[in-house]
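Engineer: Reading the sequence shown from the start, the letters are residues -29 to -1, 1 to 644 in mature numbering (1 follows the signal peptide of the UniProt record, and there is no 0).
Because the hints were derived from the structure by calculation, they are not lab data. It should be emphasised that the depicted structure is a prediction, and the values quoted were computed from it without experimental measurement.
For each label pair, taking beta carbons as the anchor points, the in silico distance ranges come out as:
| # | residue 1 | residue 2 | range |
| --- | --- | --- | --- |
| 1 | Gln5 | Ala446 | 16 to 26 Å |
| 2 | Val463 | Ser161 | 34 to 44 Å |
| 3 | Ser482 | Gln208 | 45 to 55 Å |
| 4 | Asn454 | Asp88 | 32 to 42 Å |
| 5 | Thr286 | Ala142 | 42 to 52 Å |
| 6 | Gly475 | Lys359 | 22 to 32 Å |
| 7 | Leu512 | Pro472 | 11 to 21 Å |
The beta-carbon is built from N, C-alpha and C at its ideal position, and this holds for glycine as well.
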Amino acid sequence: MSIIAKPCRPALVLGVLALTALAASPAPAGELVQPAPVPVVAGVSQLMAFPQIFTLPNGDGAPLKVQANAFVSFGDRKGAEVKAAVTARKQVMGAALPTGELLAGPTIRAHPGDTLDILFTNGLPFDADDGDGTMFNAVPHGFDVLNLHTHGLHVSPQKDGDNVLLAIYPADTPADVMAMCVRDANGDASLCQKGDYHYRIKIPEQHPAGTYWYHPHKHGAVALQLASGMSGALIIQDEKNGIDSLPAVRGAAEKVMLLQSIESAPNLTSPQRVTCKSVYSFARCTYVDGQPAPEPVQNVNQKLSVNGQLNPTVTMTTDEVQLWRVVNTTVGTVVPMCLVPQTGVDAATAPAAYVLAADGVPVQRPLSPGEEDLPLRLTAPVAKLDGKGVVNNELLFLAPGQRLDMMVKAPAKPGRYLLVQPAPGTVVKRQQSSQDPLARQPGIGDLCKPGVVPDAQLVMTVNVVAAASGPTATALPTQSQLNRLYAPATLVDAADRPASPTQGVVFGFTSGTYAESAGGASVVNGRPFNAEGGPQRILTLGQTNLWGVMSAADTHMFHIHTNPFQVVKRGTVDYAFPIWRDTVLINCAAAVGGTNCTFPGGLTNVDANTGFNYGEVVQFLSQALDYTGAIVMHCHNTSHEDNGMMELVEMVEPGKAPTITPHAHHHEGAGHH
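Please construct the entire structure, taking both the sequences and the accompanying hints into account.
Structural biologist: As structure tokens, this is what we get:
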């Protein structure tokens, strides 16, 4: 029987995304806690994953207990204390789970020219029921198998670099499973590790400075690992050529903010658990003897958290400026980064957000004559677009995988302001005829306005209080200063810039008729991920490509490893200036008479009711530079990725043929006892 693979959840409900006011003033919430720095032993950073029980603080409300596989920070412990703690954790495997610290990965900091010297420990137990002894191209599996992806870094994808073809199995993995992995890797045993693995990731001497992040990238398990809070900020600092060189940035308090979707399912007993059933509503979640999947869990906790906290508060004093490093680590939720006042506060006094960098690269733009020399200030979504308006919308809607480095300036008067997550949209019939599409409301012009939403949608509160005695950072950097920082060479004026797209991508879904082995899949250009025949796309070093990317159904986030790209056009709207990205939002079209797009107008607000809205083809320029070897391109709604929406890509020297040996995913199991 054919099964049509459907998106696991509404990937994006932009039509009702807003930062709006709650019906009543909530009690003062707990202050946002910053993730700990990564612990270091004898000069080596320790990144460790273990099963744990976490208590998510919930403002002044009831905390949420969650059992999850997550990174351990070990607080301020170092050296021998960390080593002893890791040994102790390994010794209690299978016994009572320890209580974890903050459900957010520790923060890694480095400089251009550094080597990330990281001992990565997979302390999870092997479990065949979690698909750990199974290989699939387009079915979620291998939930205890890990690796490390340094999202956005321009580093080598080979060997002990940012190599997402590497699989690090639990230390207690049976020998037959490891043998299966080696067969799957076409005999390359270096791609099959277990227990501890030592990464040495060399950062180039010239590298954009800003906020990046890290997370496991074992294909088939990425969404579940992110839904467990298994991610952290990776900050590249450059005191000579980066935003850290600017006096206003150095003088401001820094806030790291990991937006998370901890997708646990209420169990019969506390704590709640993050499981296959709570993350993949479409997926088969039993792997032993081919048993059918249980019914998916419906009542999943999808409230967003920040740094492992529910309803936290960031306190600012009047006129204060803070540096916010915001990372969207959610599985598939787009969040608009606008703050609006709580009921009763003057709407004109909302904190102002000025963008310094997007996806780690400074936002550099020409200044108009007479324009105030300040970084680009985010506004509410622009409904009637010109080139500057589409840039505002591009930066405002923070998609999964994306980051913003922002200077946030508090108003001159005290007040409370809210960040709110999406709510389900409402389909409104606005047809003039039976052939007109349905629309979702509210539309783009209704976003970022005060309103009433339930507490379940509250993500974070910004509480502005009267300034106390003592110095407070109030200065902002200038756009002229940002324009002088290091950034990759622009591709807009490249001599070999193509006139029309040379690389095309269509994200969509298919049924078992076309992906029989997977019973349906998420696909790129009609193909589910399948590396058995080698790379599905070849990129030649130094060649300028113009990409055209669109969606056949649903909303997606294009992400490619190793090399960033410059976005130049969305739909029919040219950007006023290019924006560097490594992840970009791809909106879908509303089919005539259908409702398959959560935000039919898209970021360019095309009139969906004309019947001529075919979605926003996003165009961007890119060059593969410096490194050869295997990388991947995929949708960063990671549940789509795990279900097959990914390609194996090889970067090759000019005139050279592909060299990747097939990395075959066999539909077979091992390790069932």
